[in-house]
Amino acid sequence: MIVVQQAVYMYAVVPANSRLDAIPAPVDVRLIRAGGVAVVAGDADVAELGRLNQTGSDAEQLATLATQHDAVVRAAMSAAGTVLPFRLATVLTDDQAVCAFATERSTEMKALLERLADTVEWGVRISVDQQRPAQSRPESRPEPAAERPGTMHLARRRRELAEAQRQGAERSDAARNAALELRADVLDTRPNLPRGAVLVDDVYLVRNPDLPRFLDTADRIRTRLAHDGLQLRLTGPWPPYSFARSEAFHV
Amino acid sequence: MTLQSTTSREVAGSAALADVLERVLDRGVVIVGDIVISVLNIELLTLKVRLLIASVDTAQRMGIDWWVHDPFLNSAANDAAVETRQLKERVAELERGLDAQKGG
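Sequence lines, in order, name chains A and B.
By the numbering used here, the letter at position 198 of the first sequence is numbered 201, and the numbering carries on one by one without gaps.
By the numbering used here, the letter at position 41 of the second sequence is numbered 322, and the numbering carries on one by one without gaps.
Bound-form chain B, shown alone (with noise of 0.2 Å):
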């Protein structure tokens, strides 16, 4: 099976690279233990691309950024802002009405 083929669907571009991150960091075969080198922290180093990749802004530099978006939040917030506008609209109209009556 070549995974070239044409039943590749999204890895070829650039999108991909988070795919591509989440595999090779969390995924395959892991080793622990003395055979394994241990002058260069290895096992550290793994940890630290970890933390690397919990950085919200790396992760969105590289296009991971599913968790970052909830909608029903994102639309509240909006539809918040929105309700604010109006009801300031409406505080403002209250106020010309008061002083057009002290000033009447």
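Chain A extracted, bound-state conformation (with noise of 0.2 Å):
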């Protein structure tokens, strides 16, 4: 085991013409060119790294980290127009190594550089509104001195719920209907499995002339799930985080 101080934290891969001197980046970064791209680079804190990898590691500096590497990452891309940010905490252990990785990768990156050029990327969720409960809902309302209060009380716990597994099924078909209408705009999708309250979790990859469009059917899209009791939650311009996978990486 070898015990190293200094460390390389890479942020994210950026074509090799691209220059730093525009990011206002919160943290000092350089540029490690090797292979026909270049690295966003910088010095890894080693002994706070270390400490978030201990048990009881405080919820605070993860979220710092995760801040400032998504900063990074988006200032990369504005300076350079594409990249492919790496995950957190990607660390190697010199600059030597980081130029072994970009030149063994570089035929991938490139082309990834290339595809991704001109886009970003969009979450949209699609979730039962929480605040908004079914519209046609019967209220529950006190019974009226009742004859066979227990026999009453099972009818009605039946006809709610078939009526909640109705709008269930109505709710679900307009999510997925919504979904296919935003994937007809967007060059790539990466469809999450929906779960609880959430029926769509998708991420899109949209080119940048594409953009209005989307953004347009999203929020048509918007008002008309919204008469379902349904919230449609965008967020976005992201680097291309989803999109930036290569298997090819897995080495």
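Calculated from the structure, these hints are not laboratory results.
There's no promise every hint is true.
[To be verified] Examples of chain B residues lying across from chain A (beta carbon under 10 Å, computed):
{"id": "1", "residue": "LEU306"}
{"id": "2", "residue": "ARG308"}
{"id": "3", "residue": "GLN367"}
{"id": "4", "residue": "ARG371"}
Glycine included, C-beta positions come from ideal geometry on N, C-alpha and C.
Quick one: dock chain against chain with the hints and give me the complex.
Written out as structure tokens, the structure is:
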């Protein structure tokens, strides 16, 4: 086991001809050029990362690190146009290791950079609106002095359950159709599995020229879904975190 | 394309932390292999970080809580509480009636 005090933190890969002078980065970053690409890198705070690795490390530290990572990636994207973001805390031993990595993966990274040029990532999550329960749902009201309260109770529960199931199916359909409509305007989609109240959780890669149309569609769909008690949450633009993956990087 | 453009919708605020974490922890280029620094157990690091996120308490503090609320479960739970209260009131009423009969 080698013990190191200093290491190189990698934020993103950018095209080789990129310049960093425009990066208003919150941390000191530099470009390491190799293999026809450039790596946006900084000094890794080994001690800090080590603390994060300990059990009981506080959430604040993680939040700070994540926010900082995202800020540098965004700044790099603004300056370079296209980025391949690294996952949080991707650290190599030294500049030589970074050069070796970049040279070895050069072909795949250049192809990915080309594919991601002039695109941004957007997240769309469609979920059941917690603030607006079913409009047609019968109000539960106190029963008048009933002859058979138990039987009436069960009958009412059955009706409510059937109604909830019908409405659930309707909402799932509406959410699925909305996702299909959105996918028509995008270059690529990374769908995540629906779970619980979240019916659609898609990540889209959108070409910048298509962006106004995509956002219009999203606004229109949001209004439509609101009538069904569904909420559309749009986040973006993101650097293409979800589309920078390539199996080729797993050596 | 400047990412801090006017088209930016929800990312600016601190509410976006959950979205940021989701992306920087689970997405992005992952490299695995002998050239990756191993002394820090960086792969272990990322695993730990994920465990941290998986802790419901931590996640909620960070604003990640969408899986906690199932509206059907919640509304069912609320309804059940109302029903229980009504039935208890009914039992109490009947018992009062019985007591009154015994007393009378």
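Min Cβ distance, B:GLN367 to chain A: is it shorter than 10 Å? Interface hint status for B:GLN367: holds (6 Å vs cutoff 10 Å).
With 10 Å as the cut and Cβ atoms as the points, is B:ARG308 at the interface with chain A? holds (4 Å)
So, B:ARG371 near chain A? Judge it on the closest CB pair being under 10 Å. holds (6 Å)
Holds or violated: the hint that B:LEU306 contacts chain A, with Cβ atoms closer than 10 Å. This hint holds: B:LEU306 lies near chain A, its Cβ roughly 6 Å from the closest one there, short of 10 Å.
Taken one by one, the earlier hints all hold for this structure without exception.
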